[in-house]
Amino acid sequence: MVVAYVMVKAASGDADRIRGAIRELDGVVEAHIVAGDMDFVVKVDVDEPADVKRVAADGIQDIAGVEDTRTYIAMG
Amino acid sequence: MRFIVIGSGRVGLRTARVLREEGHDVTIVERDADRADRASADGFSVVEGDGSHEDVLAKAAVDRADAVGALTGDLNTNFAACMIAKHHGCRTVMRIDEDYREEIYQKYADEVDEIIYPERLGAIGAKNALLGGNIRAIADIAEHLQVLLFTITERSPMRGYTLSEVELPANARLLAFGKRGESMGIPLPDNSLELGDRVAVLADFGVLDDVRQLLVGDDAGETLASAASAGGDA
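Residue numbers (the UniProt record's numbering), protein chains in the order written: chain A, 1 to 76; chain B, 1 to 234.
Any given hint might turn out to be false.
Just so you have them, the derived chain A footprint on chain B, three or more residues with Cβ under 8 Å [as the list claims (entries may be wrong)]:
no., stretch
1, 13-25
2, 33-42
Partial list, derived from the structure: chain A residues whose beta carbon lies under 7 Å from chain B [as the list claims (entries may be wrong)]:
no., residue
3, Ser12
4, Gly13
5, Ala15
6, Ile33
7, Gly36
8, Asp37
9, Ala64
Source of the hints: derived by calculation from the structure; they are not laboratory data. Ideal placement from N, C-alpha and C gives every residue a C-beta, glycine not left out.
Using the sequences provided together with the hints, build the complete structure.
In structure tokens, the structure reads:
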């Protein structure tokens with residue numbers, strides 16, 4: 001099992017819709033709107049490291065209104 | 001009133017100065033030593049430290065402040081400062097760095113009473129300056145409600161009349177009046193409208209044209225259209 005945290009920066013104020021779209025992705029277990037220079041923190045729990053890329057790069061980045069993501073894989 | 005301004009950069013320092021000019025008690029919180037020194041030299045009471053830390057805000061007497069302006073360029077600092085200030089019962093104003101975030105903070109950040117996006121205000125000002133003319137959009141109050149500043153021209157139908165004689169449409173209110181070259185003040189019924197005097201009016205978009213015809217005359221249609229859209233697309 002691989003757990004990762006993805007910080008998501010939006011380019012749209014439509015936070016509800018973006019959070020909803022993130023939560024629908026396979027592998028996403030939590031998604032929160034946060035204050036600060038990133039707009040969402042997303043917890044991903046998947047089988048393989050490659051799946052992290054699938055969720056972050058393909059899934060989240062493809063949502064309209066998402067500008068950038070940073071992914072941190074949990075080590076301990 | 002007592003205010004704390006966090007961040008003495010281009011937005012914070014200017015805000016602090018305006019508040020001081022109006023007779024308010026302002027304390028600046030600034031993390032950078034050079035900037036803190038500059039604000040001190042400018043005569044402000046300054047607490048040097050990180051405004052997102054409760055002990056720093058305590059030194060600035062947050063428990064006695066009426067409102068806190070979190071005006072640094074750092075969103076995390078600003079939000080943390082608002083959380084602390086709200087906890088101490090202050091009104092909170094937070095500066096944001098990108099316009100889309102206004103919607104997010106309005107909806108989710110209960111700790112933040114007002115959001116400031118300086119670039120948006122600057123853009124409205126720049127657009128007004130570029131347009132020139134005798135109508136300026138001052139603020140969007142609601143989607144269809146705007147405050148406009150009209151300058152009385154040679155052609156103004158109301159020139160020579162007093163304010164009590166100005167009959168604005170039902171969806172418009174006279175807010176302030178200023179003689180030419182003087183500052184704006186509360187409008188009085190016997191103020192007379194002369195060339196160069198200014199009138200601030202709160203008006204619904206539906207009656208903007210009527211207000212414009214009454215105060216400025218007929219030849220300002222294009223200026224009005226541009227001024228009216230200044231807030232929305234700035």
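Checked hints:
Only when three residues or more bring their CB closer than 8 Å to a CB of chain A does the claim for the stretch 13-25 of chain B stand; here the count is 0, and the claim is violated. Check on the stretch 33-42 of chain B: 0 of its residues sit with their Cβ under 8 Å from a Cβ of chain A, so the three-residue criterion for coverage is violated. A cut of 7 Å between beta carbons decides the hint on A/Ser12: the least distance to chain B is about 5 Å, and the hint holds. Because the smallest distance between the Cβ of A/Gly13 and any Cβ of chain B comes to about 3 Å, under 7 Å, the interface hint for this residue holds.
Interface hint status for A/Ala15: upheld, as the beta-carbon distance to the closest one in chain B is roughly 5 Å, under 7 Å. Hint status for A/Ile33 relative to chain B: holds, with the closest Cβ pair at about 6 Å, below 7 Å. Taking 7 Å as the C-beta contact cut-off toward chain B, the hint placing A/Gly36 at the interface holds, the least distance being around 4 Å. Among the interface hints, the one on A/Asp37 holds; its C-beta lies about 5 Å from the nearest C-beta in chain B, closer than the 7 Å criterion.
Taking 7 Å as the C-beta cut-off, the interface hint given for A/Ala64 is violated, the closest approach to chain B being about 13 Å.
When each numbered hint is compared with the structure, violations occur for hints 1, 2 and 9.
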